[in-house]
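J.: Chains as they are written, first to last, in the working numbering: chain A, 213 to 475; chain B, 22 to 302.
FYI, nobody ran anything at the bench for these hints, they're computed from the structure. Every value quoted in this text rests on a predicted model; they were computed, and no experiment measured them. There is no bait here: all hints are sound.
Residues from chain A shown here face chain B by an in silico Cβ test under 10 Å; the list is partial: (1) Ser-222; (2) Gly-223; (3) Gly-228; (4) Leu-261; (5) Val-262; (6) Glu-266; (7) Pro-357; (8) Glu-358; (9) Met-390; (10) Met-396; (11) Glu-418.
Yeah, the Cβ is synthetic: ideal placement off N, Cα and C, and Gly gets one too.
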Amino acid sequence: MSGRRIVVTSGKGGVGKTTTTANLGATLAKRGRRVVLIDADIGLRNLDLVLGLEKRIVFDLVEVAEGRCQLRQALIKDKRFESLAILPAAQTREKDAITPEQFAAIVEEASAHADYVLIDSPAGIEAGFRNAVAGAAEAIVVTTPEVSSIRDADRVVGKIAAGGKPIRLIVNRLRPEMVSSGEMLSVEDVCDVLAIELLGIVPEDEDVIDTTNRGEPIALREAGRLSAIYDKIARRLEGELVPFTTFDRQGLFNRLMGALKAG
Amino acid sequence: MESVAIEREIGAEPQRRGRAIVLTSGKGGVGKTTTTANLGTALAERGARVVLVDADVGLRNLDIVLGLESRVKYHVLDVLEERVDLDEALVPDKHSENLRLLAAAQSREKDEVQTAQMEALIAMLRERFDFVLIDCPAGIELGFRNAIAGADEAIVLCTPEVSAVRDVDRVVGLLGNRFKPQLIVNRLRPQLVKRGKMLSIDDVNGILRLPLLGVIADEPEIIITTNRGEPLALRKENPTGAAYHAIAAKIAGEDVPVPMPPAAKQTLLERLTSLFGGGRS
Chain A
213 MSGRRIVVTS GKGGVGKTTT TANLGATLAK RGRRVVLIDA DIGLRNLDLV LGLEKRIVFD
273 LVEVAEGRCQ LRQALIKDKR FESLAILPAA QTREKDAITP EQFAAIVEEA SAHADYVLID
333 SPAGIEAGFR NAVAGAAEAI VVTTPEVSSI RDADRVVGKI AAGGKPIRLI VNRLRPEMVS
393 SGEMLSVEDV CDVLAIELLG IVPEDEDVID TTNRGEPIAL REAGRLSAIY DKIARRLEGE
453 LVPFTTFDRQ GLFNRLMGAL KAG
Chain B
22 MESVAIEREI GAEPQRRGRA IVLTSGKGGV GKTTTTANLG TALAERGARV VLVDADVGLR
82 NLDIVLGLES RVKYHVLDVL EERVDLDEAL VPDKHSENLR LLAAAQSREK DEVQTAQMEA
142 LIAMLRERFD FVLIDCPAGI ELGFRNAIAG ADEAIVLCTP EVSAVRDVDR VVGLLGNRFK
202 PQLIVNRLRP QLVKRGKMLS IDDVNGILRL PLLGVIADEP EIIITTNRGE PLALRKENPT
262 GAAYHAIAAK IAGEDVPVPM PPAAKQTLLE RLTSLFGGGR S
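For reference, chain A alone in the conformation it holds in the complex (with noise of 0.2 Å):
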């Protein structure tokens, strides 16, 4: 039995689509899952410095693509887990290098051997946005509490709706804090606007910019805030019905004050 196939995707740039793959992927694997991640964008990859798999690459997609390869030749390990592996982009051709019929024979292939094939798809919505989405049966789409990320991620929905192709949200990013002073959309303002399931919301994390710099995907710390957050999403994704980690509203110094004017 084949893998599921699931591109995550924006619109927008920037919004975490290279972190989510790489954390939801890490954690995947770390439930015992085959998992084989791959970076779609050609040109601009990204996905092997925050795994810090850059030094280890040796073929890449377009490769593949040409046949120069054998898939299995091209998959980089992890160093941390035996399930997990990447499928690297090509950095110095162009996303027209592949067709989005060679992307999906890819993909499929890749499924065969594994649980899970998750796609970092590039920003936009131009050739190599449909690459990314071609090979993949469903979705996962990645927003930050932005009115410009939401119209952008609305766009991406519409496209791929058309396709057919169940659709999940991780909000990303999220400062409870900027929720509750009013200064930042919530996830409820976000679900409103997008009516897509909700599959999980992720805090801002300063930690995470190091993590990445560092190739450590944030979601492999032993008990950490967003490993748990990870945690949840991949048991989501597998079916579980667990529920939503609530931020609390209120932040410390609030409450402090709270305390000290109520007194």
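Chain B: place on chain A using the hints.
T.: Chain B in isolation, oriented as in the chain A frame:
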């Protein structure tokens, strides 16, 4: 368009051509649109005639950041396909008298714009404005190539992240020598740099080696003003607003220092440590 061409042929008045600057980055979400809106506002507040062109066909956002989304009636493709005059399509800004927006088409695709058409459009805008700032889409596909087509200068935006630096380096390579790219380091958090958890400006520019135009701090206020559609550059008393004005001054050719966010303040713990543990270091 014709009248302009005729005027030039006659040579009655030598036309002063404005500067066309593309803001690009490779990676998305590093602040191209926010920076375009803020620098456009700052340049316009200096008295320059400025037009902002949203080149992100299908995923436009510059109208939102400027708070003009309900005033957009026509877009770039309406002009290119000659359904409306350029004047008709230019949306006047709410705040700055000298600022105009040319919105992208939202329900169209990037491959509906031809590179030669974009070149012609930007050339036309340069006849009428002192600055044409072009907000480039993320990536390096056709949308990127169209956005840079009519420009002769580039501002590249980079956040202090390894992935952003790698993407910018690639974009600088693709731009080649024509655009004299200058760098803005965006969303720097001095506190994180100090704690060794973020790349420093030297780390970033040690790799990129570009003329540094300015450094903008990461601050929540940007998200708020962006959601509200009021660029921070409207508030000169705000340090980030002031930084945009300093960058605008540099772009306009003034010899001002590179704007930098204030150095990280000592944390409470560090202050206590230096007070009580000073002798033991």
